[in-house]
Amino acid sequence: MSTDHFVSREPFDPHSIETLTPAQEKYYMASQWKLMWWKLRRHRLAVICGVILALNYATIMFSEVIAPYNLHSRNTEFIYSPPQSVHLFHNGEFIGPFVYGRDYELDMEILKRNYPERKDDVQPLRFFCQGDSYRFWGLFESRFHLVCPPENGTFFLLGTDRLGRDMFSRITYGARISLTIGLVGIIISFSLGIVIGGLAGYYGGWVDSTVQRMIEVIRSFPELPLWMALSAVLPVNWSPILIFFGIKVILAMLDWTGLARAVRSKLLSLREEDYCAAAELMGARPGRIIGRHLLPGFMSHLIASATLSVPAMILGETALSFLGLGLRPPVTSWGVLLNEAQNINVVALYPWLLFPVVPVILVILTFNFFGDGLRDAADPYK
Amino acid sequence: MLLYILRRILTMIPTLLVISMLVFVIIQLPPGDYLESHIAELQSQGESVDENKIQFLREQYGLDKPLLHQYWVWLTGMLQGDFGYSFEYDLPVTEVVGDRLFLTVIISIATILFTWIVAFPIGIYSATHQYSWGDYGLSTLGFLGLATPNFLLALVMLYFANVYFGTSIGGLMDPEYIDAPWSMDKLVSILEHLWIPVIVIGTSGTAGMIRRLRANLLDELQKQYVTTGRAKGLPPGKLLVKYPLRVALNFFVADVGNLLPTVISGAEIVAVVMSLPTTGPILLSALQSQDMYLAGSFLMFLALLTVFGVLVSDIALALLDPRIRLGGGASK
Numbered sequence: 008m009s010t011d012h013f014v015s016r017e018p019f020d021p022h023s024i025e026t027l028t029p030a031q032e033k034y035y036m037a038s039q040w041k042l043m044w045w046k047l048r049r050h051r052l053a054v055i056c057g058v059i060l061a062l063n064y065a066t067i068m069f070s071e072v073i074a075p076y077n078l079h080s081r082n083t084e085f086i087y088s089p090p091q092s093v094h095l096f097h098n099g100e101f102i103g104p105f106v107y108g109r110d111y112e113l114d115m116e117i118l119k120r121n122y123p124e125r126k127d128d129v130q131p132l133r134f135f136c137q138g139d140s141y142r143f144w145g146l147f148e149s150r151f152h153l154v155c156p157p158e159n160g161t162f163f164l165l166g167t168d169r170l171g172r173d174m175f176s177r178i179t180y181g182a183r184i185s186l187t188i189g190l191v192g193i194i195i196s197f198s199l200g201i202v203i204g205g206l207a208g209y210y211g212g213w214v215d216s217t218v219q220r221m222i223e224v225i226r227s228f229p230e231l232p233l234w235m236a237l238s239a240v241l242p243v244n245w246s247p248i249l250i251f252f253g254i255k256v257i258l259a260m261l262d263w264t265g266l267a268r269a270v271r272s273k274l275l276s277l278r279e280e281d282y283c284a285a286a287e288l289m290g291a292r293p294g295r296i297i298g299r300h301l302l303p304g305f306m307s308h309l310i311a312s313a314t315l316s317v318p319a320m321i322l323g324e325t326a327l328s329f330l331g332l333g334l335r336p337p338v339t340s341w342g343v344l345l346n347e348a349q350n351i352n353v354v355a356l357y358p359w360l361l362f363p364v365v366p367v368i369l370v371i372l373t374f375n376f377f378g379d380g381l382r383d384a385a386d387p388y389k
Numbered sequence: 023m024l025l026y027i028l029r030r031i032l033t034m035i036p037t038l039l040v041i042s043m044l045v046f047v048i049i050q051l052p053p054g055d056y057l058e059s060h061i062a063e064l065q066s067q068g069e070s071v072d073e074n075k076i077q078f079l080r081e082q083y084g085l086d087k088p089l090l091h092q093y094w095v096w097l098t099g100m101l102q103g104d105f106g107y108s109f110e111y112d113l114p115v116t117e118v119v120g121d122r123l124f125l126t127v128i129i130s131i132a133t134i135l136f137t138w139i140v141a142f143p144i145g146i147y148s149a150t151h152q153y154s155w156g157d158y159g160l161s162t163l164g165f166l167g168l169a170t171p172n173f174l175l176a177l178v179m180l181y182f183a184n185v186y187f188g189t190s191i192g193g194l195m196d197p198e199y200i201d202a203p204w205s206m207d208k209l210v211s212i213l214e215h216l217w218i219p220v221i222v223i224g225t226s227g228t229a230g231m232i233r234r235l236r237a238n239l240l241d242e243l244q245k246q247y248v249t250t251g252r253a254k255g256l257p258p259g260k261l262l263v264k265y266p267l268r269v270a271l272n273f274f275v276a277d278v279g280n281l282l283p284t285v286i287s288g289a290e291i292v293a294v295v296m297s298l299p300t301t302g303p304i305l306l307s308a309l310q311s312q313d314m315y316l317a318g319s320f321l322m323f324l325a326l327l328t329v330f331g332v333l334v335s336d337i338a339l340a341l342l343d344p345r346i347r348l349g350g351g352a353s354k
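So the protein lines, in turn, are chains A and B.
Using the numbering used here, you'd call the opening residue of the first sequence number 8 and step up by one each time.
Using the numbering used here, you'd call the opening residue of the second sequence number 23 and step up by one each time.
Simulated from the structure, these hints should not be mistaken for laboratory data.
Zero decoy hints are in this set.
Cut-off 25 Å, straight-line C-alpha distance, at most; resulting in silico cross-link-like pairs (DMTMM-like, lysine to aspartate or glutamate): (1) LYS245/B - ASP386/A; (2) LYS46/A - ASP157/B; (3) LYS126/A - GLU84/A; (4) LYS126/A - ASP110/A; (5) LYS46/A - ASP241/B.
To list a few chain A residues with every Cβ distance to chain B over 10 Å, as calculated: (6) THR26; (7) ILE86; (8) PHE101; (9) MET115; (10) ARG142; (11) LEU146; (12) LEU165; (13) THR187; (14) LYS273; (15) HIS300.
Quick reminder that beta carbons are idealized off the backbone N, C-alpha and C, glycines included.
Kindly produce the complete structure, drawing on both the sequences and the hints.
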């Protein structure tokens, strides 16, 4: 029996045993953001909600074009007009989208305006047409609309309000403010949260306990009364734009606490890591250590949680405006529109004034689902 | 345990002090004071101003003194039970607030009970039947509840009640009891009206609680001791109730701290929509008319209510969970 060596004498090459397929290699080399993106893409509901949100935000770029009427154009003959339905067939014959012409009569018994349809008066809608003139983003004059009311006719998809203004157009315009107020607010509260939470977490000690107490006080206050109080402080004679900014700041001032907590607890554990000590020994200043070495480690997670707090801001604005403490006309947001629906008798007679509820719920729901998906995608342990 | 409660109460004092400062600053922020705008209003209507009364009020509450002095008067007054004077109602604040605050407390407690009663079984069901149709259905409902702002829900409910039953569901009691003294009948009438605001206010809190209970219970159910228990042959019901549920229950109690501010906020705004005789509508009008002591006391009471509720939940939690009262580290 020969006692030969059974170990191969060839030089050992680890890659010969474990070769990475191109797909695997791509996966292992991918950056953190890429991994997150791949994970997010697998989350179907989050993707759908993200698309809906993106569409919503796309509309605010072209509000003027999408809305058939102007924000303030009044149709005095059609006050509190109910929604007009769009038909395709007239007497079994295909015509394309059209509405019926309408008469006006006053129900003398309950003083309610009625608008019966004239079933023989077919008024086809116009598309890509010239309608009310507007200044696009206040920059240049144009009259181009996606959809216009028929010649000498009306087209109120969601009815009109007490001044005969088209609800659909107003909701379209209102999206501009309602959707952006959350984003700008989040930027403010995001920076506040990171700076304050970062300082508390990095320095610890008395800085930390002061910040902790501060957060406790703010959190132990019921949010809405505090908002109400703060917005009652805004002087009545401010211009609507100033009020708008004031409210953003108020919403942001009370919203940073959650984020600051997350940043703090994360930093408290991260600052004990070796790479942090190494940076410190090399003489990096605290600002650089926090911003360059500590924060990027969980930035994706922070952004995901910030997404989840946007809906709260949108709701806050809606609630305040609804109570008459937030934005005021002529600035138009969904909350301002709902303010008209405050009186239940009005709502019972003209239920279409409640329509702005639908986009509010839709946007908040999609933001929640999208944020959830984003958070799951940002979590490396899932 | 006693030491823990004592320490917890002691930390409440500085918190309340800071809150009182915050409240005072907020009610002082608008330019001018109520007396000035009141005088201006009376004069514009051509009515005479009772100089003596104005002067008396000004001195009584030190409105001509520096801010710090005013704060001191307000604070010491509150400690002695004098919450100031509502200029608009021409009454001491305590008399305006009394009943309304009581009703707010009733609604808040009822809402929290409602939240618990509904969220508890649904949360357990969702966690034990994860990814079943029931779980999906309930989760969707929960998200809808979370997304619907409660004042909108109130509006929609008012609308449907009006259309289908032809009644107004606003208010908290039958009209004949509104100014009546407290009696058994009045209480019954309130209880009959209570369920609508409770459901409206409780929806979002309930939805949130179901989500959190489900997540917590799921975490517990995936731990190894549950697998061990199942391998030993414990019946499923006992396996659930004996340990995982008890651990998840801790959080359930602790969550009152989260729930209470939401409930009180919700109660305020829903009260305005449904014209409930609680603190909401008065607080709103007091804020708008700069009736500073009324607004300030309301804010103070609401904050006190919240801080106190959190205290109760912390004590209950300490009773349930020995880690908290012994180490103190677990609560961090």
